Structures are given as C-alpha cells and as structure tokens.
Amino acid sequence: MIKVEHLTKQFSLNKEQKKEAGTTDKFAFAVNDISFDCKPGEIFSLLGPNGAGKTTTLRMLSTVITPSSGSIIMGGINAVTHPDEARRKIGFLTGSTGLYARLNANELIDYFASLYGVSNQLLTERKKYLFDLLDMNEFAHKRIGKLSTGMKQKVSICRTMIHDPEIVIFDEPTSGLDVITAESIIQLIRDCKAQNKTVIFSSHIMGEVDLLCDSLAIIHKGEMKYQGSMQDFREKMSEKSITAEFIKTVQA
Amino acid sequence: MIFKIFKKELKETLRDKRTLIMMLVIPILIFPLILNVVVGVSSSFEESAENKTLKIGILGEPDDYLAIKLNEIPNALGPKTLTPYHGDSLKMKADLREEKLDIIFIYDSKFSEKLDKMEPTKLICSFDKTNIGYEQRAQKYVQYIEAEERLKRYQTLNIDEQQITPFEIAFENSASNQKMIGELVGGFLPYIFIAFGFMGCMYPAIDLFTGEKERGTIETLLTTPVSRWKFLIGKMLVIILSGLMASFFALLGLFLSINFMDIIPDPEIMNVVNQILSIGFVLKLFLLLLPLTVFFAGIMIPIAVYTKTFKEAQSIIAPLNIIVLLPAMAGLFPGIELNVQTALIPILNIVLTTKGLIGGTIDYSLLILSFSVMVVLAGIAVAVSFKQFGKETNILS
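Heads up: the sequence lines are chains A and B, in that order.
Remember, my numbering sits 8 above the position in the first sequence when you count from 1.
Remember, my numbering sits 2 above the position in the second sequence when you count from 1.
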C-alpha cells in the first residue's frame with residue numbers, strides 16, 4: 009500500500025534557470041501538492057507529458073530524493089522519516105536503469121541481494137526462481153557488458169525483484185526498449201499484480217496504460233489533473249481515443 | 003556492509019583496464035624504464051666520449067714543443083690526432099666552429115723559448131663545452147704535459163718537491179652514504195610516489211562516482227536500504243587502496259631495478275640502499291602516504307560527484323595533478339628542509355619527511371606534526387566529500 013498526501017517538491021533556481029523559465033521566482037515546483045493511494049494487487053499508473061513531474065514523484069517514493077513537504081506512507085512506514093526501512097519494501101526499475109558492465113549477472117544479483125540484507129537461503133531460492141522464470145541461467149556468468157539489451161533487461165528485472173519487494177515502482181520502464189523486451193516488462197507488471205504487490209508505474213504510452221492499469225493519475229506541470237479508476241476514465245471519456253482524452257485532460 | 007560495498011567496487015575496479023594500467027603497469031615499469039634509459043644513455047655517452055679519437059689542432063708546426071709533447075701522451079689517456087695550422091689561427095678557429103676539430107691549442111711563437119727560460123707562458127685550450135668529455139680530456143692532456151715540465155724544473159733548480167709542498171690536503175665527506183643518498187634522491191623518490199598516488203586515485207574516483215551517474219547505476223543503488231555514507235566510505239576505500247597500490251608498485255619497480263639491473267656497482271652503496279629500503283622504511287613511508295592519499299581521494303570525490311561525464315571529471319582532475327605536485331616539486335630544491343613551517347605545508351611536508359627518512363636525518367616530532375596536518379586535511383576532505391555526496395542535485399543527473 010502506498011499513501012501519498014500533499015506531496016510537494018520545489019527546487020531552487022539559479023540565474024540561468026530563472027532566465028530560461030522567464031521568472032524571477034527563487035523556486036520552482038516540480039511537484040505541487042499531489043495526493044493519491046495505490047492498493048496491493050492493483051496497478052496504479054502515473055501519467056503525464058515530459059517534464060510533468062512523474063520521475064520526481066517516483067524518485068520521492070523510492071526515497072532517492074526528499075520531498076519539500078507532504079507525506080509518503082509505504083507499507084505502513086513513513087518513507088520521509090524512515091527512508092532506510094521503506095527501501096526494504098521497494099523494488100525500483102526505470103527504462104534508463106544502468107547495470108555494472110564489469111560484473112556478471114550472478115555477481116550483480118548477489119551484490120544487490122546483500123544490499124537488501126537477503127539471507128543466503130532466501131537468495132538461493134529467489135535466484136533459482138527468477139533465473140528459471142527469466143531464462144537467465146545460460147548467461148548468468150557472462151559479463152553484463154557483453155549481454156544483449158534484452159538480456160540486460162532481464163538482469164534488471166531480476167535485480168528489482170530479488171528481495172521480493174511488496175511495492176514495485178516502474179519509471180517509464182519500457183522507454184527505449186524494443187517490443188520483445190518491453191513485453192517482458194509488461195509481463196513482470198502483470199505478475200506483480202497477480203502476486204498481490206503494490207505496483208506503480210509512470211508512462212506516456214497510453215496503449216500500455218489501457219492494457220495494464222486499474223487506476224491512474226494524470227499530472228501536468230507538477231499538479232494533479234485527474235485521479236480515478238481506469239474504468240471511470242474510460243466511461244467518462246468524451247474523446248474518441250484514450251490518447252485524445254489524455255491530451256484534453258492535460259490541456260484543460 | 004561497507005566491506006561488501008568495498009569488495010564489489012574493488013572487483014569492478016580491478017576489471018577496469020585504465021585503472022590497472024595506472025595502478026599497476028605504469029608504476030611498476032616507471033623506475034626500470036627511467037633507470038634503464040638514464041644508466042644506459044649516460045654510460046654509452048661516457049664510453050663513446052672516452053674512446054673517441056679527438057681531432058686536435060695546434061697553431062704551430064709539427065715539431066713544436068707542444069706538438070711533440072702531445073704526441074708523447076699515451077693513448078690510455080684517450081686517442082687523438084694532431085693537425086698543425088702553421089700559425090693560421092683564423093682557419094683553426096673556423097675549423098673548430100665547423101666541428102672539423104674537437105680541441106685547439108693556441109700559444110705564442112716564443113712558447114718553447116719561454117719554457118726554456120723557465121718563464122710562465124700562456125696556453126689557450128679551446129673546445130665546445132657542450133660536448134661531453136672534451137673538457138676532461140683537455141685537462142688530462144695539459145696536466146700530463148705540465149706535470150712533466152714541472153718535474154723538469156724541480157730537477158733543474160735542484161728542488162725537492164716535498165719541501166715546497168706545505169699541505170697534503172684531503173677533503174673528507176663527513177656525511178654517511180645514507181645521508182648522501184637522502185640528499186641526492188630523497189626529494190625525487192617521494193615526488194614519484196606522490197605523483198603515482200594521485201594518478202592511482204584518479205581513475206577509480208571518476209569511475210566509481212561520475213561513472214555511476216553516467217551509466218545510470220547510481221539511482222538504483224540509492225534505492226537500496228543502505229546509508230549513503232556507507233557507499234561513500236566503501237568507494238573511498240577502493241580509491242585510497244588504488245592510490246596506495248600505485249605508490250607501492252612504483253616502490254616495487256624501484257626495488258627490482260636496483261637489485262636486478264646492476265645500476266649501483268659499489269657494493270657498499272648497494273648495501274646502504276637496501277638498508278634504506280627496509281620493511282620499517284616502507285611501513286613508515288606508507289603511514290605518511292595514507293593520510294595524503296585519503297586527502298587526494300577527498301578532493302577528487304566532490305569533483306567526481308559534481309561532474310556529469312567521465313570527460314568532464316577528467317578535464318578538472320587531471321590539471322589538479324599539476325597544482326598538487328607543485329609543493330612536491332618544491333621539495334626537490336636544495337636548502338628546503340623540514341621545519342615547523344614546512345611541516346605545515348601539505349604535500350611538501352610529506353616529501354621532506356620522506357627525504358629525512360631516506361637520509362636517516364628525520365626529526366620525529368616534525369614527522370608527527372606533518373602526519374597530523376595531513377590527517378586533519380584528510381578529515382576535512384572526507385567531510386566535504388560526504389556533504390557533496392549527500393546533495394540530491396549532485397548525485398542525480
């Protein structure tokens with residue numbers, strides 16, 4: 009379960025940034041007072057055009073950056089005041105996730121498992137399960153730098169899931185991937201839902217959203233424009249396509 | 003947890019070719035290469051200068067006193083050929099300038115007459131001083147002829163040479179061989195160790211911080227339940243180890259060069275050198291290099307954390323090498339010694355302390371002061387690194 013209330017992130021602007029933005033304000037809001045809930049067994053999608061504040065929101069949820077104000081409760085833990093505890097519950101995957109090219113897949117998974125404090129017994133079980141599931145055994149001892157994009161994506165998925173997180177955050181997970189590799193991510197998101205995990209993902213690909221999500225929030229310029237179930241969104245649509253409806257909502 | 007981070011970062015670092023070259027290959031080869039080139043080139047120059055047949059021009063005739071005496075000089079003092087110029091000094095000087103001659107002797111026409119009268123007479127010996135060995139050869143020839151003439155005069159005047167020699171002067175060097183070695187090479191060696199310590203830190207620092215940002219791995223790392231300071235310390239330990247290893251391999255290269263390249267023919271000096279390079283010296287040296295290397299890591303990390311690309315980080319850190327090495331260069335100048343003032347100047351203090359350790363002249367209170375200064379600076383550098391690594395704007399591109 010994720011519960012976000014009045015979440016705000018503001019950044020101070022330097023001279024150059026003020027000039028670019030055509031403002032004299034000292035601060036700019038990347039995210040301004042947004043609230044939403046994501047429930048276990050549900051896929052929640054955060055939508056918005058480029059620069060809407062999706063990544064900033066997900067970075068705050070994953071505790072990489074600290075909110076300026078507001079609260080984030082992740083699996084019953086206040087992620088703002090106890091980020092280390094909250095991180096144990098989170099798996100985080102982005103489309104631009106890099107991997108350590110000079111390690112092999114097995115070494116990388118072992119390293120991340122140790123960072124999450126996964127016991128040796130659990131690690132052996134999880135590795136067997138994930139390596140079989142993702143068909144990784146063949147290249148587990150190959151240096152990551154020598155793997156194909158698809159293989160690397162499988163390693164990323166395995167890294168995200170090795171500690172069996174109850175909350176999984178995907179930041180534009182299929183961005184820049186070919187359709188086959190993107191499909192493995194879509195499958196992972198579905199599997200997470202089936203395993204009653206709380207899933208939140210950001211995207212600007214409406215097809216993906218339509219296919220996967222149970223509820224959604226649309227943000228633009230850091231502000232909440234729409235929040236509700238996917239069912240409601242479809243029913244209240246006045247445009248012909250979801251993409252057109254999304255554009256209308258953003259521009260409203 | 004810090005050890006796990008350290009282990010992973012070390013494994014990755016040791017698989018990086020650039021780091022391995024800077025940390026291991028270049029340091030271990032630098033001394034054998036430098037010494038091989040220096041010893042080889044200088045000995046081949048000396049040998050060729052000694053064996054070269056010098057073309058000597060004399061102003062007068064082949065049967066002049068000087069020509070006869072020069073011809074009498076044994077070949078053991080260096081082979082030579084004589085060319086008389088029959089009084090044409092302009093042509094002889096021109097031939098010297100055009101390097102048709104190596105040495106010329108100019109004397110007046112009454113040269114042998116004055117000698118017979120036992121009067122002092124002028125002899126000009128001219129040569130190009132940039133040519134190695136010419137001056138020594140000219141001195142040998144003139145001293146040989148002069149000694150013979152002097153002896154002849156003593157005999158003519160019936161003088162006992164012993165009676166007109168008031169002193170038998172002997173200049174003795176009170177400095178021990180160790181002190182001499184310390185003075186001659188004591189500044190240069192720490193300079194090399196410091197330079198390699200810096201370069202050994204550079205690539206891992208950039209790779210482990212800027213590289214994480216550039217490759218997009220930092221974000222996932224920071225979503226793990228491990229405090230940032232633990233990542234900082236784990237990574238920093240690898241950078242420090244890499245810097246120390248680069249210095250160590252430079253020292254190992256020096257040790258191997260000395261022991262297997264036969265560059266020190268004198269067994270007594272060799273013995274002293276081996277005594278200097280004892281385990282105790284190495285431990286003291288690395289104890290001094292430790293806070294210095296922490297300091298290096300501490301100034302590189304904030305830069306590596308701030309910059310966004312490997313190239314950008316390299317373009318800032320590489321020139322920093324020159325700034326850092328300036329105080330180390332000051333330690334090479336004669337007359338700059340370790341005292342309370344110089345012990346407060348970072349880097350220079352380590353050079354001078356190491357110089358003292360090599361020469362066996364170290365004042366341990368100044369060693370402790372130098373060490374303390376570097377520990378304080380290293381602490382400040384670590385604190386700055388910690389602050390920079392904690393900034394959201396620096397860690398995310």
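Check before you lean on any hint, since a few could be wrong.
Taking lysine-lysine pairs in the DSSO-like style, the calculated list, with each CA pair at most 27 Å apart, reads [stated by the list, open to error]:
1. K34/A with K112/B
2. K154/A with K313/B
3. K229/A with K310/B
4. K26/A with K116/B
5. K160/A with K57/B
6. K150/A with K19/B
7. K135/A with K82/B
8. K393/B with K154/A
9. K47/A with K34/A
10. K154/A with K13/B
11. K11/A with K313/B
12. K19/B with K154/A
13. K135/A with K13/B
14. K310/B with K27/A
15. K160/A with K112/B
16. K150/A with K6/B
17. K229/A with K47/A
18. K135/A with K6/B
19. K389/B with K9/B
20. K393/B with K34/A
21. K136/A with K6/B
22. K57/B with K112/B
23. K393/B with K26/A
Residues from chain A shown here face chain B by an in silico Cβ test under 8 Å; the list is partial [what the hints assert, rightly or not]:
24. V72
25. G84
26. V88
27. D92
28. R96
29. I98
30. F100
31. T102
32. L107
33. S122
34. Y124
If you anchor each label on the Cβ, the simulated ranges turn out as follows [claimed, not checked]:
35. V378/B with S43/A: 42 to 52 Å
36. D33/A with K389/B: 19 to 29 Å
37. K389/B with G30/A: 46 to 56 Å
38. E394/B with T31/A: 17 to 27 Å
39. A320/B with I81/A: 31 to 41 Å
40. T31/A with K313/B: 29 to 39 Å
Calculated directly from the structure, the hints in this document are not laboratory data.
Remember, it's a predicted structure, so these values are computed and weren't measured experimentally.
Even for Gly, the Cβ is constructed at its ideal location relative to N, Cα and C.
To see whether the hints hold, each was checked on the structure:
A C-alpha spacing of about 97 Å is found between K34/A and K112/B, which places the hinted pair above 27 Å, so the restraint is violated. A C-alpha spacing of about 23 Å is found between K154/A and K313/B, which places the hinted pair at or below 27 Å, so the restraint holds. Restraint check for K229/A and K310/B: satisfied, since their Cα atoms lie roughly 26 Å apart, inside the 27 Å limit. Simply put, K26/A and K116/B have alpha-carbon atoms about 95 Å apart, too far for the 27 Å limit, and the pair is violated.
For the proposed pair K160/A and K57/B, the alpha carbon gap of about 75 Å is over 27 Å, so the pair is violated. Proposed proximity of K150/A and K19/B is supported: the alpha carbons are some 18 Å apart, at most 27 Å. Our distance criterion of 27 Å between C-alpha atoms is broken by K135/A and K82/B, whose separation comes to about 84 Å. Pair hint K393/B plus K154/A does not hold up; C-alpha atoms about 33 Å apart against a cutoff of 27 Å.
A distance of roughly 37 Å separates the Cα atoms of K47/A and K34/A; the hinted pair therefore is violated under the 27 Å criterion. At roughly 17 Å between alpha-carbon atoms, K154/A and K13/B fall within 27 Å of each other, so this suggested pair holds. The hinted pair formed by K11/A and K313/B fails the criterion: a straight-line CA distance of about 42 Å is larger than 27 Å. A C-alpha spacing of about 16 Å is found between K19/B and K154/A, which places the hinted pair at or below 27 Å, so the restraint holds.
This hinted pair checks out: K135/A and K13/B have alpha carbons roughly 21 Å apart, not beyond 27 Å. Taking the CA atoms of K310/B and K27/A, the gap is near 22 Å; set against the 27 Å cutoff, the hint holds. Of the pairs offered as hints, the one joining K160/A and K112/B is violated, with about 96 Å between alpha carbons and a cut-off of 27 Å exceeded. Our distance criterion of 27 Å between C-alpha atoms is met by K150/A and K6/B, whose separation comes to about 21 Å.
At most 27 Å may separate the alpha-carbon atoms for a hinted pair to count; K229/A and K47/A meet this at roughly 25 Å. Restraint check: the Cα-Cα separation between K135/A and K6/B comes to about 19 Å, which is no more than 27 Å; the hinted pair holds. Of the pairs offered as hints, the one joining K389/B and K9/B holds, with about 24 Å between alpha carbons and a cut-off of 27 Å not exceeded. Restraint check for K393/B and K34/A: the C-alpha separation of about 19 Å stays at or below 27 Å, so the hint holds.
The hinted pair formed by K136/A and K6/B meets the criterion: a straight-line CA distance of about 22 Å does not exceed 27 Å. A hinted pair counts as satisfied when its Cα atoms are at most 27 Å apart, and K57/B with K112/B qualifies at roughly 24 Å. As the CA atoms of K393/B and K26/A are separated by approximately 21 Å, the hinted pair is consistent with the 27 Å bound. For V72/A, the interface hint holds, the least distance from its beta-carbon to any beta-carbon of chain B being 5 Å, beneath 8 Å.
About 16 Å separates the beta-carbon of G84/A from the nearest beta-carbon of chain B, more than 8 Å, and the hint is not met. Here the hint on V88/A is broken, as its CB sits about 14 Å from the closest CB of chain B, past 8 Å. The interface hint given for D92/A is met, as the beta carbon of that residue sits about 5 Å from the closest beta carbon of chain B, less than 8 Å. Of the supplied interface hints, the one on R96/A holds, with its beta-carbon coming within about 5 Å of a beta-carbon of chain B, less than 8 Å.
Among the interface hints, the one on I98/A holds; its C-beta lies about 6 Å from the nearest C-beta in chain B, closer than the 8 Å criterion. A least Cβ separation of about 4 Å between F100/A and chain B falls short of the 8 Å threshold, and the interface hint therefore holds. Evaluation of the T102/A hint against chain B yields a held restraint, the C-beta minimum of about 7 Å falling below 8 Å. With its C-beta approaching chain B no nearer than about 7 Å, L107/A sits inside the 8 Å limit, and its interface hint holds.
Hint status for S122/A relative to chain B: holds, with the closest Cβ pair at about 5 Å, below 8 Å. The beta carbon of Y124/A is positioned within 8 Å of a beta carbon in chain B (closest approach about 6 Å), and the interface hint is therefore held. In this structure, V378/B and S43/A meet the distance hint of 42 to 52 Å, their C-beta atoms being roughly 49 Å apart. Take D33/A and K389/B: their Cβ atoms lie about 26 Å apart, and the range 19 to 29 Å holds.
Separation of K389/B from G30/A is about 32 Å and departs from the stated range, judged on CB atoms against 46 to 56 Å. E394/B and T31/A have their C-beta atoms about 21 Å apart, which keeps the hinted 17 to 27 Å range intact. For the pair A320/B and I81/A, the beta carbons lie near 47 Å from each other, so the given range of 31 to 41 Å is not met. Our hint of 29 to 39 Å for T31/A and K313/B holds, since their Cβ atoms are close to 32 Å apart.
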